[in-house]
Every structure is written in C-alpha cells, then in structure tokens.
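Can you build the whole structure from these sequences, using the hints too?
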Amino acid sequence: MFRRADLRLAAAGAVLLAATSLMPGWLLVLAATALAKGIVALGLLLLMRAGLVPFGQAMFYCLGGYAAGLGSLWLGIRDVLLLLLLAGLAAGAAGWVVGLLIRRYRGIFFAMLSMAFSMILYGVLLKSQDLGSSDGFSVPRPTLLGLTMTGTPALRILFAVTVLLTVLLAWGVSAYLRTAMGQIGPAIRQNEVRVSYLGYEPDRLIHREYAASGLLAGVAGALVAMLVGQVDPGMGFWMTSGEFVFIAILAGTGGIWGSLGAAFILEAVHAIAFDVAPTYWRLILGGTLLVMILRFPAGLSSLAPRRVRRA
Amino acid sequence: MSTLIAIAVDGAIHGAWLFLVAVGLTLVFGVMKILNIAHGNLYAIGAYAAATALGYWFASHPPSAAALAIQVGAALAAGLVLGLLLEVAVLRHLHGRDEVSVALATYALLLILDDVMLMIWGTDPQSAAAPYLLLGASRIAGMRFNNYEFLVMGLAILVGLLIWWVLTRTGTGRRLTAVIHDREMAAAMGINVRAVHVATFVAGACLAALGGAFTAPMIPVAPGIGAEIIVVTFAVVVIGGMGSIPGAAVGALVVGLARAAAVHLYPPAEVFIVYAVMAGVLCFRPNGLFPQAAVRRI
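Same order as they appear, the protein sequences are chains A and B.
For the first sequence, position 115 matches number 115 in this note's numbering, and the numbering has no gaps at all.
For the second sequence, position 152 matches number 152 in this note's numbering, and the numbering has no gaps at all.
Derived by calculation from the structure, the hints in this document are not laboratory data.
The model shown is predicted, which means the values in this text are computed figures rather than measured ones.
C-beta: ideal position from N, C-alpha, C; glycine also.
It is possible that part of the hints are untrue.
Reference excerpt, derived from the structure (chain B facing chain A, CB under 7 angstroms, subset only) [claimed, not checked]:
1. Val100
2. Leu111
3. Met117
4. Glu184
5. Leu282
See below:
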C-alpha cells in the first residue's frame, strides 16, 4: 500500500508544515494558491493521461469557490472542512452531470465542449445580481472545528489545511493511478477501440475521471476562495482554464510530482513576472508555454531521470 | 410581428458578421487541422491596424469612401505579415503533432500576441467611427439600423461567395480540397502541401484581420476584444462542423439568430445563449451539423 513515493510525499508535506511558522503572509498565500492549483492539476492529470484536455476546468474551480462562499453566507456553514466537503461534492456532482454528455467526445471536441459549459456558468454568474454580478462577493473567514481565525494566524492554519489536503489527495491520485483502472487511461489515449475489445468501457472510465477531476477542482476553488476571501466570475472565465491547461502541459502526464511542481513553477513565474514586468507577464507565460510545447513535448516529468519499469 | 422581423434582421446582420470572423478559423482547421486559438488576436490586430490607419488618414482628409479601401488594405497587410510570420516561425515546426498540442501552441501565441498588442497600442480604447457614420441609417419595422451593418453583411456574403468560387472553380481550390481530404495522397500526387499550408494560414489570418478591420468602426477597439470573440467563433465553427465552410455559414446564422432572439426576448440570456446552443447542437449531432468524414482507427 505504502511505497517509497508515498513516504516522499509525506516528507514533503511535513517540511511544508514545519516551514509554516517561518513563512510571511504573502508567501503563505502564494504557496497555498500554488498547492490549490496543484490539486486542480492532479484532476487534469487523470484526464490528460487518457489524452483528453479539458479547456473548461475553471467551471469546477469557480463552482467550488461559489459553493464555499454561498455555503457560509446562505447555509451558515462556517467550518473549513465542511465547506471543503460541500464544495467538493457540489463540483463533483456537476462533473458527473456534465460528464454524462461530455464522455462521448474526444480530442478538440472534448476541449471545446468543456469550455462551452464553463462559459455558460461564467455567463450566468456575470448576470446574477444576487451573486454580485461581475464583482462577485466576499467570503467570510471560516472557522476550524469551532475555532475562529483572524489575521496571519488564519492564513497559517488555512495553509496547513491546504498542505494536508494536497498530500492526502495526491496520495489518493497516485494510489489510483497504480490500480488496474488507473492504467487504462494511457491505453485509451493510444487505442480506444482495443481498450473496449479488452472489456473495459472507455466512456464510463472517462466519465468517472471527469467527475473526479471536477471534485478536485472544486476543492481547490473553495480553498482559494477562503484564502483570498473573495469569489468572482473571473474564476470561471476560459483564461483561468487556460492557466490550468498550462500547468498540465508543463507537468506532462508522468505523475503527481510533475503536476504539483508545475503549479509551483507557474505561481512563481506569475509572482516574479508581476514583480519585474507587471503588464507583460502573459508574454513570459506564453513564451514558456511555447518553448515547452516545441522542445519538451512530454512535460516536466519527462525531464526526471527515468528507470525502466517492467510490467 | 415587428419583434420577429427585428430578430430576423438583427440575427442576419450578426450572423453575417460572425461568418466573416469565423470562416478563416474553419478554413485553417479544415486544411491544416490547426485550431487556431490566436485567431481572435489576428482579428483584434486587424481592428487595431484599421483604427490606426483610419486615424492617420482622416486627420488630414475629409470623410469619404476611401475609408473602406483603407480598411481592406490595413487588414490584408496585417494578415499577410502576421500570417506568414506565425506560420514560418511556429506552426511549421508543429507539423505532425496532435491537434490538441498544436491548439495549445496557438494558445501560447494568444498570450504573447495579447501583450505585444498592449505594447504597441496601450490600454486606451481606440475609435475608428468614421466609416460607421458615412453611410447613414435606415428603418426596418420601426427599428433603426445603420447602413454600415448592411455593408458588413454584403462583405460577408461576398467573402463567402469568393471562397466558394475559389474552392470549387479554380485549380488552387481543387488542390486545397485534395489536401483537406487526404494530405499524404495529395502530396503523393505532386501537390506542394507546404505551400498550400502557408497560403491557407495566410488566407485565414487575412480573413480574421478583415473581420476585425470592418468591426472596428462599430466598437471601441480595446484590449480583450480578441478573447471575447474567439470563444464565440469556436461555438460557430463547432456547431457547423469543424473545417466545413458551409457549416460555418449555417453555424453563424444559427448563432446570430439565437443571440438576436435572446436580446429581444430575454436579455439576461445573451451572454450564454451561444454556448447553450452549441451544447444543444452537439447533444444531437456530436460532430456538428456538417462533419468531415473521419477514419476510425482500430
């Protein structure tokens, strides 16, 4: 059950947790956002392994953020963990419903259709005055197991929650990828017809993975919403999805480390580019993406030393 | 009744305009299998180029029909330069890669071009209203329509007919059709596929820029117009069946009418009606209305 990779994951989590008290507020927000985007990337990893690139993952991210916000405003739920659960379930359920339709599509059509759904949500939110239209609304600071949190300590606690959750979810994803089910994804990418000859149903697998990736993105959206204290429709715009796809491309489909690492790199590039050339950070982002696609088609995880594995 | 006529006219105008912008996208996809996400930027650059050129010209000349020639000239110049540049510098090197990777490379181009445009033209909206006011207005069913909008409609029809004529009545068009159907076989028959690709991409870029140049007088030309248009043109192209030119025409009309209906009957739906229509069409026709035949790999 536990392998060396899992221990490494736990060790990385422990280091981050230990460093929590040393990190200043801005770094906490940055690192927590990176981890949250890493969670989204974990979901994308599932789909990318099957050769599918969803260009609308921001829909679930946005949905999760709004679910957390509305859960605390309308339902009076204040606990971080309950809100995360609510957001994950809401986004996962949405993923399941959309998946009913989208699981039939591959390639460009899959990408475009998922983008269409995310733009529908974006449009609806933009026009919903009860939800603050284009401004969104602010999300109150949540509590943890009845404890109220304020100021920088609140950020520390949220960061710690994010770290624990990321480790847990990353472990879950890597465990799933080792199962027989988890190995079918790459087979679908290579030859879907043969996979169905083997007795598996590609559509059902994709459906399940799509719903799971929705759940992950929803949890991440809720985390960011609580961290920043604000949600707005921009979370669901297709440019946000583009950022997630950027992370996924940077990561490649090698495994969880690529996804988490790529999310950190993106946030770091973001932060540095904002500092150096605030108006031109997309130029840097686009240039990096182009170089990645042209020179390292298999992503970051292809750069790691590879051992030959026998089946 | 008058609402119905208004919807029809509005929808036709909007649909024609959408066709003008989307046809280049579907052409490039049909021939090169590239879903050009940066198409919206080519459109925006066309709009900016036209706005700049018109600004220079009308600073020292009285308003005249020369405006239209300037718009066409600016669009073709921008499309030619950028189309060649992008094809030779980037897209050529992605030959043979899967469609999604190539689409993502064009997404990277979108990010880069967005900032390059910001460097050149800044964030202030530019105005190119001169041609819009040139032609006066007319009334249909009690609604006022600017004649310029009918001019754009005429241009879209002209472009559509021209493409149809080139594709079906000229040797170039036949070679293009051959490449669309089977690239390897076309190459084996002695068609210079690379030249066809360059020509197609440049034509697609020119069409996008032309769409932008003729839209410029109707809107404030500001950052973000490309990102706004690109998802709508995707919807048009996907509804019609990617790579199909008649499909793009039908898709544009469907989307134009749906949007006009939303505007007149239930305005809040305007922002998402396009995507709802697209999702609806794909539910019943998974590959759009006029899909290209595909080989199933076993």
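To see whether the hints hold, each was checked on the structure:
| no. | hint | in the structure |
| --- | --- | --- |
| 1 | Val100 | holds (5 angstroms) |
| 2 | Leu111 | holds (3 angstroms) |
| 3 | Met117 | violated (11 angstroms) |
| 4 | Glu184 | violated (20 angstroms) |
| 5 | Leu282 | holds (6 angstroms) |
The structure fails to meet hints 3, 4 from the earlier list, while all remaining hints are met.
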